[in-house]
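Colleague: If you read the sequences in order, they're chains L and X.
Per the working numbering, the very first residue in the first sequence carries number 1; after that it's consecutive.
Per the working numbering, the very first residue in the second sequence carries number 1; after that it's consecutive.
Misleading hints may appear alongside valid ones.
[Unchecked claim] Just so you have them, the derived chain L footprint on chain X, three or more residues with Cβ under 8 Å:
no., segment
1, 23-33
2, 51-58
3, 92-100
4, 177-186
5, 203-209
[Stated by the list, open to error] To give an idea of the chain X side of the interface with chain L (calculated C-beta under 7 Å), a few residues:
no., residue
6, A112
7, P116
8, L149
9, P164
10, I167
11, V168
12, M225
13, A249
14, P252
15, Q261
16, T269
Since the hints were made in silico from the structure, they are not lab data.
The structure presented is a predicted model; accordingly, all values stated were derived computationally and were not measured.
Virtual Cβ for every residue (Gly too), placed ideally from N, Cα, C.
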Amino acid sequence: MAAPSPSPTRVAAGVRPATRRTRVGSRAERLAPLVLVAPAVLVLVVLRLWPLLLGINFSFTGDGDRDGTAVGLDNYLTLFDDPLFRTALGNVGLLVLLLPVAVAIPGLLATFIYLKVPGHRLYRGVYFFPAVLSPVIVGAIFTLLLSYDGPLNTLLGGVGLGPVDWLGDPDVAIFAVVGVHVWATFGMALVVFLAGFATLDSSLLDAAKVDGASLPQTIRHVIVPGLSRTIQFVFVTTMIGMLTSMFGLLFVMTSGGPEGSTYLPEFYIWTQQGRMNRPALASAASTALFLIMLVVGLAQIALLRRAAGKED
Amino acid sequence: MTGSRLTRWVVAVPMAALALATIYPLLFTTNVAMKTKRDYTLDRFSLTDSPRLDNLVKAWTSVGMSRYFLNSVVVVACSVALLLLLGSMAGFALGRLRFRGSSALFLGVLAALFVPFQVIMVPLARIMADSGLVDTYPGLVLAYVAQFLPFTIFLLASYYSTVPSEIVDAARIDGNTLYGVYWRIMLPIGAPALLSVGVLNALFCWNDVLISLLVMPSAEHRTLMVGVTSLRGQYSDDIPTFASGVLIAAVPVLVVYLFLQRQIADGVTAGSTKG
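Modelling step: build the complete structure from the supplied sequences, incorporating the hints.
Modeller: As structure tokens, this is what we get:
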């Protein structure tokens, strides 16, 4: 741009009559936006849209001997008969139940930071930090911390609490993994909440203060309605995160065990594809996961819309 | 409403404890990486009196972390460059220009944002295998570009939609073609957004394990995160070396976070307020 001599195009544009330039340019110019989006569209069509259709199609064909032949709903029947997949679905139910907690924690913390608790300047940067670490790193670190003879149990032993087999007990392991996931990601939601607070009308808060509202009242009547859009966004993204970004943790911490108790759909898909060589069954699980996400996502939006409607 | 001094401290103490809990695991890992195996077995918590770098050196050289590290750097650099190029072209066109089909295309990109990788991974693996891209750098780079392009386009399109159209018009009057406007005006103007989305994409690619495991599985081509997962089995009786490998994989992220925390947060929160 800051070339010392005028560029060739400038000279040409200056010398030639403008009409010719616009007419010659017009056809190429009309195509230009399409040329700009073409490479991106090509990548997305070939490597995202096409596999999506292919996968749905796969899910109605067979594995192994029956590779490529249509088998109707067989894969889906196998899927819902498989105790592992049922456990995975049960765990999805558990995640949905835990979701309000996973949203409330960062929401409350963001509220306190916004209200300037002592040290508030520091917390945002500290809390957000684990969110940028890979689930593999987080999982590896917590495998050490949570191992049976590891630091956490040593610490608990020090205050007289018996050792807990965090990752080896089928009743405990899924909570341990979800707990680590929440530890690693609450900073993400926190930052989103803080961005929401920045758009909040502070005069409403001042008014609440003048009226002598308590903190719970302020949260209920000022902050929640004012942030309804942010809360909706956090609910949906947290759910998506729980359903699609725990693979690294599961892979490193439990490999789906003990006794298959920590399976989630995404881990099931990977196992069927990568270890059992059953791509058609894996595709059926993929399609099921996609439907679950659609249903949960739409239901959340509907619920939250209604809740927000009541507040208004 | 912030209440009495007492309630402030009732809130402040748990928050400080949580901050400690956020930082401690990485400090613990760092300390373990500096210990000998014997030290670790005897006492997990104590600060080692003679911090040693042996384990780090061992993890870097003989365990293969340097190789994995290099693989990751190459793949991440290529992926981010390609993402920024394709993403800014499409983002400029979809965010700033009106043309036939532009809003339909933008909706398509938005829809792609909601298709998680797990849903397409099986057929994608087959497509990669059929086209000979499995276990190649271009294969993994393409997989990353396809995965993170919708997000990149979405962010850059919303950034470019805030650029006043007078800037485009003025550049056109100066005799620039649309390509010229893109290259000479939009790329430099977009620098802050490109930095933010570039850093985020670098983190996504660097941290990924599922896509890498699926597309580039062989030991020789392992990326760093896949390498870390393989360390766990190999060094289950040598925790300090294992911790060193984990540390090596975490340090670049730590450095990026220290310098570019604001850009990362900006990228994460974009879209949350527009809804």
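Colleague: For the segment 51-58 of chain X, do at least 3 residues have a Cβ located nearer than 8 Å to some Cβ of chain L?
Modeller: With 0 residues in contact (Cβ-Cβ under 8 Å with chain L), the coverage given for the segment 51-58 of chain X is violated.
Colleague: With a C-beta cutoff of 8 Å, work out whether three or more residues of the segment 203-209 of chain X approach chain L closely enough for the coverage to hold.
Modeller: Contact hint for the segment 203-209 of chain X vs chain L: holds, 5 residues under 8 Å.
Colleague: Mind checking the CB of I167(X) against every CB in chain L and telling me if the closest is under 7 Å?
Modeller: With a closest approach of 13 Å, the I167(X) hint is violated.
Colleague: Given a cut of 7 Å on the nearest C-beta pair, is the interface hint for V168(X) held or broken against chain L?
Modeller: violated, 12 Å
Colleague: Any CB of chain L closer than 7 Å to the CB of M225(X)?
Modeller: The hint holds - M225(X) has a Cβ within 7 Å of chain L, the shortest such distance being about 4 Å.
Colleague: Quick one, is the Q261(X) hint okay against chain L at 7 Å, beta carbons?
Modeller: Since chain L brings a Cβ to about 6 Å from Q261(X), closer than 7 Å, the hint holds.
Colleague: If you count the residues of the segment 92-100 of chain X with a beta-carbon closer than 8 Å to a beta-carbon of chain L, do you get 3 or more?
Modeller: holds (count 5)
Colleague: Classify the hint on A249(X) as holds or violated, based on whether any CB of chain L lies nearer than 7 Å to its CB.
Modeller: holds, 6 Å
Colleague: Would you check whether T269(X) satisfies its interface hint, that is, whether its CB is within less than 7 Å of any CB in chain L?
Modeller: holds, 4 Å
Colleague: How about the segment 23-33 of chain X: do at least three of its residues have a C-beta closer than 8 Å to a C-beta of chain L?
Modeller: holds (count 6)
Colleague: The segment 177-186 of chain X covered by chain L? Criterion: 3 or more residues, Cβ-Cβ distance below 8 Å.
Modeller: Satisfied; 7 residues make the cut.
Colleague: Under the criterion of a CB-CB separation shorter than 7 Å, is P252(X) in contact with chain L as hinted?
Modeller: violated, 11 Å
Consistency with the previously given hints fails for numbers 2, 9, 10, 11, 14, ordered from lowest to highest.
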